[in-house]
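S.K.: Let chain A serve as the given structure and place chain B on it in line with the hints.
Protein sequences, first through last, are from chains A and B. Just so we're aligned: 350 in my numbering is position 350 of the first sequence, and the numbers increase by one with no gaps anywhere. Just so we're aligned: 299 in my numbering is position 299 of the second sequence, and the numbers increase by one with no gaps anywhere.
Be aware that one or more of the hints could be misleading.
Since the list gives no way to pick one copy over another, a pair counts as held whenever it fits inside one copy or between any two copies.
As the list claims (entries may be wrong) - Taking lysine to any residue and the SDA-like style, the derived pairs with C-alpha atoms no more than 20 Å apart in a straight line are:
(1) 306 to 349
(2) 306 to 351
(3) 306 to 105
(4) 306 to 362
(5) 206 to 133
(6) 366 to 278
(7) 366 to 320
(8) 306 to 101
To be clear, the hints were calculated from the coordinates, so they are not data collected in a lab. Note that the structure is a prediction, hence the values are computed from the model and not measured.
Protein chains: 2
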Amino acid sequence: MESTVEFTVATAPFARAAARADRLLPPRAARAGGVRLAVAGRQLRLSASGEEAAVWGDVPATVNTDGVVAVGRRALAATLASLDASEVRVRVEGSRLAIRTGSARFALPLLDPAALGPAPEPPPVAGRTPAGAFTAAVAAVAGAASRDGLPLFSGVRVRSDADRLRLAATDRFRLAVASVPWSGEGPVDVLIPAGILAEAARMLAKPETAEVTVLADADRLGLSWAEGGVVVSSLALPYPDAQLERMLGVRPECVMDVDADLLRAAVERAMPFAGPIGTVTLEAADGVVVVRGSDDGAGDSREEVKAQTTGSTTASYQGRYLLDSLRAFGDDRVVLRFQTGIQPTSITAADTDRTELRYLVVPLRKSP
Amino acid sequence: MESTVEFTVATAPFARAAARADRLLPPRAARAGGVRLAVAGRQLRLSASGEEAAVWGDVPATVNTDGVVAVGRRALAATLASLDASEVRVRVEGSRLAIRTGSARFALPLLDPAALGPAPEPPPVAGRTPAGAFTAAVAAVAGAASRDGLPLFSGVRVRSDADRLRLAATDRFRLAVASVPWSGEGPVDVLIPAGILAEAARMLAKPETAEVTVLADADRLGLSWAEGGVVVSSLALPYPDAQLERMLGVRPECVMDVDADLLRAAVERAMPFAGPIGTVTLEAADGVVVVRGSDDGAGDSREEVKAQTTGSTTASYQGRYLLDSLRAFGDDRVVLRFQTGIQPTSITAADTDRTELRYLVVPLRKSP
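The following block holds chain A by itself, in its conformation from the complex (with noise of 0.2 Å):
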């Protein structure tokens, strides 16, 4: 195959594919970064890879010559993103990428595809799962990973079990568990930077993919779909496995019923009073849920919230923490269970969907 490229393509799907590959990859290597342009037969392959994750998307096209070129991936996205004409034609015109509409043309400096190395082989097929229960699962479960500590907790642990595919996060605080229907051909058991997993995942919403293969080996784990694919690397870290499973055996010692919404309004309104660490109070009886925020400087805050309790507790948390669990369940009811000290609570729907969520949240030591 020779640098030589000629094809006619719809500029949505292109501009979408340029636009996956130019976000998923880091952006500290994206000025140098290429993507390659692969055309034969019927059909335009955009593919990428850096040292954290590979992506490719596929697009039909009209392809006039065959071959494989090189150009910049944020300056192709960059060029697709803001046309307004349906359809473009590509070709190379001397050390240019040119792409063309009814009055404009486009030239991209083009770079040497053997200068991007192989693109990677990607891992097997491990299993499939519904994409949205997917995307909705690390949606939820990805928040809960840290942002800026270890690098073990900024992970979502993703492994198969026999009919569930099982993610989890956390950042010591908070722990997010969500379980997604998974048909299994071989293990997954892989720890995915929680940043680049969210990217990935958000890739499966537009347009709607009904369901995704999963590939895994031991050191990646691959999504792909009718329109593409993404491989991210494993963090090589062991993770907590067991003390994550102890804390999942909830004890309560009051269990609630409550709006999702409503109590997450309540815990908005009583943030501005919870002082400077934002510390929220949850005190449950009797079939209501006072929402309270209490800090010398600022003032009080006291509010009702209807809920179904058994039992009664009290219990104070960092309100950040309350707000983005309880976000995660939208206007769902959910289930909170309340155990004793300083063990987390824990959030589950009160009817579960496809995507099996729980939130664990770790309160307040009590002051004395």
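M.R.: Below, chain B alone, put in the same frame as chain A:
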């Protein structure tokens, strides 16, 4: 009047007045800063003042006990912003101002209203102008002021003419001048920091105000309308009015009539090719304007946009200045008047509405 009040008030206008007081005054003073609540008859007046500005807002209220109290303006705004109850009951309870809905009570520490100093006397009425035209003029002109340069160039010059109120701002690379209809009673001749003027003008938009009363003396500009008002201090700096006037005397070598939105979109598409300082070239001739970006590293772009042209010219600009100025005209048709050398290019609307707006953009020196 004692430090005691009791009243019931609709939440939405109360929250709006509190948000305005909080937003207009500088954030550095926000924690310490208080807002006065004066209730009498059927009205609640919120007022707050800092070194640069004063703001007030009037809200109809059902008053049980007249009086004046003060609380933190950030705290009041944050509390009211998130309430979903349609009205609130407010009264002094001990050292707190209690704000109650059906299910919640929020208690803010009272401040000493005397410690906030006296509410400043607003300047006298100088004239009246349509609020919509004024808001549009401020939005377009304030963007041309400098964000981080000399204080002189961070201001909007506001002066009254016989039947127009003129606003102008420049950062020396571009100049925006707008004028709006004016029924004057006294002169306006001030220089107002662009950021605070833009914030004040935004207040007029919600709920929509038909006419704004302009207040002015030698050192201050005020805006007043049914729901409230603001007063802002003038910068005490001599403005280069004569130079500004000279810049407005345009002798075009080429005149071009083009759709602002189409030209803006083409300039945006050229930006990825515009190199490190974002150089975009316009080449006008024979019923078309060619928009070019070119940079050795980034490649090049060429796009044609239909235009009516008289004469021909080629000029280069920092693309972001072109974008700012074209955005100010939305999807109107605009007339560009190109001058020779590095004399500024003038942009005006083809059909003038009540806000007469003119943008001048200085081209880049041609490379030899």
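S.K.: Now tell me if each hint is right for this structure.
M.R.: We went through each hint and held it up to the structure:
{"no.": "1", "hint": "306 to 349", "result": "within (17 Å within a copy, 58 Å between copies)"}
{"no.": "2", "hint": "306 to 351", "result": "within (18 Å within a copy, 59 Å between copies)"}
{"no.": "3", "hint": "306 to 105", "result": "between (62 Å within a copy, 16 Å between copies)"}
{"no.": "4", "hint": "306 to 362", "result": "neither (23 Å within a copy, 63 Å between copies)"}
{"no.": "5", "hint": "206 to 133", "result": "within (14 Å within a copy, 41 Å between copies)"}
{"no.": "6", "hint": "366 to 278", "result": "within (14 Å within a copy, 57 Å between copies)"}
{"no.": "7", "hint": "366 to 320", "result": "within (18 Å within a copy, 55 Å between copies)"}
{"no.": "8", "hint": "306 to 101", "result": "between (59 Å within a copy, 15 Å between copies)"}
In this structure, only the earlier hint numbered 4 is contradicted, and the remaining ones agree with it.
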